[in-house]
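Student: Chain by chain, the residues:
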Amino acid sequence: MAPRSPSARSAQKLFDPAILGRAALDAVTKLNPRTLARNPVIFVTEVVSLGVTVLWIRDLATSGGQALFSGQIAFWLWFTVLFANFAEAVAEGRGKAQADSMRRTRSDTVARRLATLDATATEAVEALSLREGDLVLCEPGDLIPSDGEVVRGIASVNESAVTGESAPVIRESGGDRSAVTGGTMVLSDRIVVRITAAPGASFLDRMIALVEGAERQKTPNELALSILLSGLTIIFLVVCVSLWPLASYSGTALSVTVLVALLVCLIPTTIGGLLSAIGIAGMDRLIRFNVVATSGRAVEAAGDVDTLLLDKTGTITFGNRMPSEFIAVGGVPEQDLAEAVLLASLSDETPEGRAIVALCRSRYGLAEADIAAATIVPFTAQTRISGLDVGGRELRKGAVESVLERVGIAPASAPADFRAAVDRIARTGGTPLAVSDGRRLLGVVHLKDTVKPDIRARFAELRAMGIRTVMVTGDNPVTAAAIAVEAGVDDFLAQAKPEDKLAYIRREQAGGRLIAMCGDGTNDAPALAQADVGVAMQTGTQAAREAGNMVDLDSDPTKLIEVVGIGKQLLMTRGSLTTFSIANDVAKYFAIIPALFVASFPQLAALNVMRLASPQSAILSAVVFNALIIVALIPLALRGVAYRPVGAAALLRRNLLIYGVGGLVAPFIGIKLIDLALSALHLA
Amino acid sequence: MTIVGWLQIAIVLFAVLAAAAPLGGYIARVMAGERTLLSPVLAPVERAFYAAMGVDPRREQGWRGYTLAMLAFSAAGFFSLYALQRLQAVLPLNPQGFDGVAPDLAFNTSLSFVTNTNWQNYSGETTMGNLVQMLGLTTHNFVSAATGLAVAFAVVRAFARSEAATLGNFWADLTRGTLYLLLPMAVVTALVMVALGVPQTLAGSVDAATLEGAKQALAIGPVASQEAIKELGTNGGGFFNANSAHPFEDPSVWTLMLQIWALLVIPVATVFAFGRAIGRPAEGRALLAAMGVVLLLGTAVVYGAECFGDPIVHALGVGAAGGNMEGKEVRFGQALSALFTAATTGTSTGAVATMHDSLTPLGGLVPLFNMLLGCITPGGVGSGLYGILVLAVVAVFVAGLMVGRTPEYLGKRIEAREMKLAMLAVLIYPPLVLGFTAASLLLKTGLDSLNNAGPHGLSEVLYAYASTTANNGSAFAGLNGNTPWFNTSLGIAMMLGRFAYLVPVLALAGSLAAKKKAPASAGTFPTDGPLFVGLLLGVIAILYLLQYFPALALGPVVEHFSMIAGQTY
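Sequence lines, in order, name chains A and B.
If you read the first sequence in our numbering, its first letter stands for residue 1, the second for the next number, and so on.
If you read the second sequence in our numbering, its first letter stands for residue 1, the second for the next number, and so on.
Just so you know, these hints were derived from the structure itself, not from any lab.
The structure presented is a predicted model; accordingly, all values stated were derived computationally and were not measured.
The C-beta atom is built at its ideal place from N, Cα and C for all residues, glycine as well.
Mixed in with the good hints there might be a few duds.
Examples of chain A residues toward chain B, derived with CB under 8 Å [unchecked claim]:
1) L223
2) I227
3) V239
4) Y249
5) E300
6) R463
7) D585
8) F597
9) L607
10) L656
11) G660
Make the full structure from the sequences, and use the hints.
Tutor: Structure below.
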C-alpha cells in the first residue's frame, strides 16, 4: 500500500510569491463585467463603484469639498471588487501552477502506432491526434501517449507524473491492472496499449482542466448559496433605494455616494467575494491529497455521505492473516508445540509462514534451528499441508481436516480439547491450523485477520459525525461478524459479490442515505457508478476509473474517510463565512445610520455606540473594513475552516460562537480602529 | 410593571397552552381526514357538501392544482364580495339604508377580507349593512382563515411525506378546517361571550337616556358571533370601529382575556398539530418556543415602555404613576393591554384593545416589528406556521452548512430550487412595505393623509403597509387611509402580501414533498433543541433588523430618543 505521504505537490506553500504576482494581475483582468456577471454581489459592487467614480469626477470638477470623501469611497469600492477578484485568482493560481507542470509532461509526445495487434511496423504519430481504439507500442523510456488498456505484455511503469509517487508499478494485459495513464513512463519491457480516451479527454487533460478550474461550474450547493446572496442583494437594493425618500421626508438629503456606501456595506460582499475561491480551494485540497474529483459536485456529496462502504482487506485489516496464539492439546507443553511449529514453518515462505516464525522467536525465544538435513514437504493445493521431516520427526501443519486425515483421526472423534480450540477460533473469525508430529496431534495455531490498530478509533469518530461504516468482505458471516465487532463497524456485508454491493447501495439510497465506496476492479464499476461518491483506485481498471467520480492516485482505500472530511470542510467554510458576512452588517449599521441622519436628528448620536469621529469617517471606516475583511479572510477561505470529527450539534455550537458571535463583534472593533487611523491621518 | 400584571399574562398564556396541546392533536386528525369526536354529527354534512360541489376528497392535488384551487377560490371570494358591497343599496337586509360602497373602498375591503387581513378603511356600523356584514364579511372571516390552515397543511404534508407528488385536496382541507374547527369553536366562544355580556341581536340599535336627559342611539347587533370568529380566525375586523376597546365588544377584563386566548389558541395549536403530523412533536415545540420568545419579549417591551410612560407628559403632572394610559382602557390595565398588543400583531389578527398610535415609541415599535416579521409569532391561522417554516428553511440553510453537510430541514435537503422559492417568498415583503412607504412619502396625496408630522408620521405610513402586507389589519390610526391612493396601494399590498407569498410557498411545498426524506443521524443539524431555537431567532432578528433598521431608525427609534430629550414635532 502506498504511504499516505504528501507528494511533492502538497509541499507547495499556501502563498507562493509567484502565484500572488500573477493573481494580482488576474484580479485586474477579472474586472471585465462579462466575467464578473457570474457573481451578482461583486457585479453590483462594480457597477456602483463605477457610478461613484463618475460622481467623484463631478465633485472634482465642481467643488473640492466633497471630492476627497467621494474619491476615497470610490477608491475603496474598487478595492472591494479587486480584493474579491484577487481571492479567486489566488485560488486559481495554485491550480494553474500545477497544470503547467503537468502540461510539460504531456506535450511533444510522439506515439508509435500499430496497424494491428500483430503488426511489426509502427507509424509515428503525434500523441494528441490519437483516437479511441488505436493501438500503440510502448518500450522502456517511452511516455505512454494517452490513456489506455494494456492488451499485450507486462511492464513496469513510473506513474509519478500523475501520482507524484516515484515507486514503479506493474501494468499487464488482462485482469485488474491493465489500465495505463497518458503521461506516465514505461521503465521496462514492452507493452501494446489500446487507447481508450478521445483526443483531449484523457485523464491528464481532465486533470489539467480540473486544477486550472477551466471547467468550473457552480456546484449545487454553491448555486443555492448564490441564490441566497442574490436575494439578500436585492433586498438591500430595495432598502437603500427606498431610504432616499424616507430620508428626504425626514429632512435629510442623502447623497448617492453615501447610499452606495451603505449598499456595498450591506450586501454580502465578503462571502460573495470569497465564494468561488472556497470552491476552488476545496478541489485543490483534494488534489493535494492526491485524490482527483471529476466534479465539484462529488466533493460536496462527500460531505453529505451517510454510509461508507469499506472493503475489509487493506482498509480495515492488514490483508494478511497473522498468528495470534498456539494452543497445545493432549498435554503437550506449549513450548514443545512452539518448537514444532517453528520447524514446520521454516520452509514456509508465505506471509503467514514468516509471521509464525517471527512469533516463535519473539514470544517463545526460540532460535532458528539448522534444517540443512531436513526434507521439505511443500504445500500443495491437494494435500493442503506443509512441513518437513527431520531427525525422524514428521512435522506437519495445515488445514484441520487434512491434518486429521494424516494422523488418522475422524473429525468427530478428535480429542475434545482440540475440537474446542478449533471451534473457538472459527467462531471468532480466525483460521485454525492443525499441527502434528507423525501420528500425534500437537495443537492448533490461531491465524487471525488482524484489524489495523487505529481503525476502531476512526470508526468511532465517523460515528460521532453521524456516518455509518459498513464492511464488505468475501468472508463467511461468522468470520465477518467477528471482525466487524473487533473493528467496530456498524454493519457488514459477508460473502459479498459485486451485485450484493450494488443492491446494498440501492437499498441505502432508497432510504434517503448517501453512500461512498471505493473500488478498483471492473466488477466494482456498477457499484462505483451507483454510489454517490465512488472513489476508484488509480491502480484499478479503466472501467472502474470511468465509473467512479473520484480517483485516488495513491490507491489507498482508507483515504475515503479523509475525503469525507474534506467535503465537510468545504461546506463548513462556506457556511461559516456566510454567517460571518451577514453578522458583520449589524456593526456597519451602527456606524452608518447615525452618521447619515445625525444632522437632522442629533438624538440619533445615541446609536453611535462606537463613538466614531465624524459622519464621514464613520461611513468611510465601514467601507474600508468591508474591503479589508475580504483580504483578511482569504487565507481562511483557501485553507478551510478547521474540521473536527464531533457531532453536528457540537460543531454547530462551536462555529456559531466563532463565526456568528465573532462576526457580530469583530467589525465593531475593526471599524473603530480604522476610524482612529483615518482621523489620525486626517483623511476624514 | 407589577407581579399581578405578569400573573394575568401568565394565566392567559397558560390557558392557551393547556388548550392548544389537545386542540393540536384534534386539528391533526381533522386535517388528515380521520374520525374525531364531532364526526358523527358533522361527517354527513361534510359528505353532503362534497356531493353538492362534486369534490372527491380523496383525490389529491399536486402543488400546481392546489395553488390554482386556492387562487380560484380566493378570486371568486374577492369578486363576489366586491359586487355585494357595490350593489348594497339595491340588495335586501340593509335596515339602515346604506349606499353602495365606493369603488376604491370596495376594492380595498374585498381584498382585506379575502386575505384574512381585515384592514378597515371604514366604520363598520356606518358603512356596511347586515347583508354585507353577514353574507360577505363574516363568511370570509371563516374561509380566509380556513384557506390559511389548508395551505399550512399542504406545507406540513410536504415535510411529512417522502417522494410524494401531491399535497392534499384544497377543497377537502378548506371544508374540514371550517366545519370541524372554526365553526364549532366559534359557536361555543360566541355563547360564552354572550354569557359574559356581549350583545347578540339582529336589532340595529337601542335608545338610551343619557344623564343630561338626552336620547342616544347605541348601535348594537350580532356582536358576539362576530367577535368570536374575529379572534379565532385571526381576522381582527371588529363590529365597531373602536374594535376590542369598545365596551360592547369587550365588556370586561374577562372577555378581554377570552379574546386573547381565542386569537392565540388556533395558531399555537396548529404548531402542535404540525409536530404530530410529521411524527416529531419536539420539532413543533422548538418552533413554538421561538415564537413564544418573540411574543414574550414583545409583551415585556410594550409593558415596560408603557409603564415607563412619556416623560414629556409626566412633566405636565399627568399619569406618572400608571405610565402612559393614553388610548388604553383603564378596566384592562397595562399588563393585558400589552399582551393584547403583542398577541394581536404576533398573530395576523389586528384587533385592537389599545390604540397603537398612542403607544410610546418603543411600545409602538413592537407591533410594528411583529408585523414586519410577517406575523409569525405565533402567526395567523395557518399563515404563522408556513411563515415560520419558510424562515426555518432559510435559517437552516444559512447556518446548516456550518455542520459540513448540505443543509436539511426535517430530512428534506435544502437545495437551489428550495432556496430560490424561499427567497422569492421572503423577497415579497421589502418592496411592498418599504417601496409603498417611500412612494407615499414622496406623493402629495400620501402626505395629505398624515395627521402627524415628523418621525411619528413616518411610523404611521410604515405601520399601514407593514400591517396590510403581513395581512394583520391593525391600524396605527392617525392616518386617513380612505383615499384612492391608500385604498388601492394598501389593497395591492394585502393581495401580494398574501398570494404572491403563497404561490412560492406552495411551490416550495411541492418541491419538498417530492424529495426523499433522509433519516436523521448524529451528523444532521439538530432542529428540535434550544440551539436551533436560538439560531432561528438569531437569523430572524438579524435578517429582519437589517431590512428595516434604517426605516425604524427614522421612525420609532428617533422618536424614542426625541421623547427622552423632551422634543416633540
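Student: All hints are to be evaluated individually against the structure, with a verdict given for each.
Tutor: Each hint, compared with the structure:
1. Hint on L223 of chain A holds. Least Cβ distance to chain B is approximately 4 Å, under the 8 Å limit.
2. For I227 of chain A, the suggested interface contact is upheld, since its CB lies about 5 Å from the closest CB of chain B, less than 8 Å.
3. Look at V239 of chain A: its Cβ gets to within about 6 Å of chain B, closer than 8 Å, so that hint holds up.
4. The beta carbon of Y249 of chain A is positioned within 8 Å of a beta carbon in chain B (closest approach about 4 Å), and the interface hint is therefore held.
5. With a least beta-carbon distance of about 7 Å to chain B, the hint placing E300 of chain A at the interface is held under the 8 Å criterion.
6. Restraint check, R463 of chain A versus chain B: the minimum CB separation of about 7 Å is within 8 Å; hint holds.
7. Below 8 Å, beta-carbon pairs count as interface contacts, and D585 of chain A has one with chain B at about 5 Å; its hint therefore holds.
8. Satisfaction of the interface hint for F597 of chain A is found here, the shortest Cβ-Cβ separation to chain B being roughly 7 Å, below the 8 Å cut-off.
9. Interface restraint check for L607 of chain A: the shortest CB-CB distance to chain B comes to about 7 Å, inside 8 Å, so the restraint holds.
10. At its closest, the beta carbon of L656 of chain A sits 7 Å from a beta carbon of chain B; the interface hint therefore holds under the 8 Å criterion.
11. For the restraint placing G660 of chain A at the interface with chain B, the shortest Cβ-Cβ distance is roughly 7 Å, inside the 8 Å limit, so the hint holds.
Of the hints listed earlier, there is not a single one the structure fails to meet.
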